[in-house]
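**Q** Whole structure, please, built from the sequences with the hints as guidance.
Numbering (full-length UniProt numbering), first residue to last: 1 to 358.
Hints were generated in silico from the structure; no laboratory data involved.
For every residue, glycine included, the Cβ atom is placed at its ideal position computed from N, Cα and C.
Treat each hint with caution, since some may be false.
[Unchecked claim] Restraint-style ranges between C-beta atoms, simulated for each label pair:
| id | residue 1 | residue 2 | range |
| --- | --- | --- | --- |
| 1 | A164 | P107 | 45 to 53 Å |
| 2 | A325 | M1 | 47 to 55 Å |
| 3 | E63 | P335 | 20 to 28 Å |
| 4 | A164 | L340 | 15 to 23 Å |
| 5 | A325 | G196 | 20 to 28 Å |
| 6 | G196 | M1 | 56 to 64 Å |
[Said to hold, decoys possible] Simulated pairs of lysine to aspartate or glutamate, EDC-like, Cα-Cα distance not exceeding 16 Å:
| id | residue 1 | residue 2 |
| --- | --- | --- |
| 7 | K134 | E327 |
| 8 | K134 | D103 |
| 9 | K305 | D159 |
| 10 | K134 | D316 |
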Amino acid sequence: MVTEDEAMCRAVALAARGLGTTSPNPVVGCLLLGPDGDVVGEGFHAYAGGPHAEIVALAQAGERARGGTCVVTLEPCNHTGRTGPCSEALISAGVRRVVIAVDDPTPVAAGGAATLRAAGIEVVTGVRRAEAEKGNVAWLTAVRRSRPYVTWKYAATLDGRSAAADGTSQWISSAESRADVHVLRGTVDAIVAGVGTVLADDPQLTVRDLRDGTLAIKQPLRVVVDSAGRTPENARVRDAAAPTWIVTTAAVGAGPDGRVDLSALLAGLYAKGVRNVLLEGGPTLAGAFLGAGLVDRVIGYVAPKLLGAGRTALVDAGVGTITDAVELDITDITPIGGDLRFIATPRPKPSDHPALHP
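**A** Quick look at the structure:
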């Protein structure tokens, strides 16, 4: 017999398997418990357009779902899109109780709980809400703000350098850290870099298996912020390994300084179905995103090295005095290889800044 709390923990873990493949949909995990409390079915939303977590679990359970309990990380959908409403599927299956972690914040899909209650099904919400919100933070943030969730990732030495005085930067971080970055890339919908990084390093910005160099099947959209269209035709980001969007002022508009408007860029990505963005490469672009208040999470790989000169990991985040510093709340510190990886979230500021790329 499995408790509903244990089932929700399992559902949260199942939901994570869909990271990087479900956008513009959320990640969702589901367990079905029979009347005796045993697990009779489980599932997760694997890809956009595919069966939802509840449908996968119901298919496994069959008639054993009747009289049982559905434990799901997000409120069952209540509309017909590429798939039918999960609320109606649960009603048809004869489920007597539904336990939900997070209410669906989108008007088009919300209302599943009310439909279930109207059908005489007992509904409980808020079970393991914090864990489920954390696992679905990118999608929840995106739909609540109508722009993608942005993670800035960087690698630097202990003294904050991302390259030496001669411009060399391979390798600042360890092989283990680089492998971890590819795992991170595999969970996002788009990777964003500035044209300066493309001109200096010619990165491919793909997800690879570092053991043999093979490309992952699912590749994020590559986005180059390039106000004047300087990306070379033979740049690696233009190859066939993954889709690419070269973002110019002509594509999304410009701010007062003539450079790409970052808010417009994010709005454009959201319209393309992008919900989770990884900002890589370009200390100036990173500073612009931070200064505009458009970074939701920071992941830093800090190597135990000192350079004393060379390119810094961050340039001009709009900080003129110590009181303007971008303050972070560290949520995790993990040793990886010889490096330290930290994960942090910026503390909100009372005022917003213009979202322009300098």
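**Q** It remains to establish, for every hint, whether it holds in the given structure.
**A** Hint-by-hint comparison with the structure:
Between A164 and P107 the C-beta distance comes to about 52 Å, which sits within the given range of 45 to 53 Å. The hinted range of 47 to 55 Å is satisfied by A325 and M1, whose Cβ atoms lie roughly 52 Å apart. At roughly 49 Å, the beta-carbon separation of E63 and P335 lies outside the given 20 to 28 Å, and the hint is violated. In this structure, A164 and L340 meet the distance hint of 15 to 23 Å, their C-beta atoms being roughly 20 Å apart.
A325 and G196 have their C-beta atoms about 24 Å apart, which keeps the hinted 20 to 28 Å range intact. With their beta carbons about 58 Å apart, G196 and M1 fall inside the hinted range of 56 to 64 Å. Pair hint K134 plus E327 does not hold up; C-alpha atoms about 20 Å apart against a cutoff of 16 Å. With a CA separation close to 14 Å, the supplied pair K134 and D103 stays within the 16 Å bound.
Taking the CA atoms of K305 and D159, the gap is about 8 Å. The hint holds against a cut of 16 Å. For the proposed pair K134 and D316, the alpha carbon gap of about 30 Å is over 16 Å, so the pair is violated.
Comparing the model with each numbered hint stated earlier shows that hints 3, 7 and 10 do not hold.
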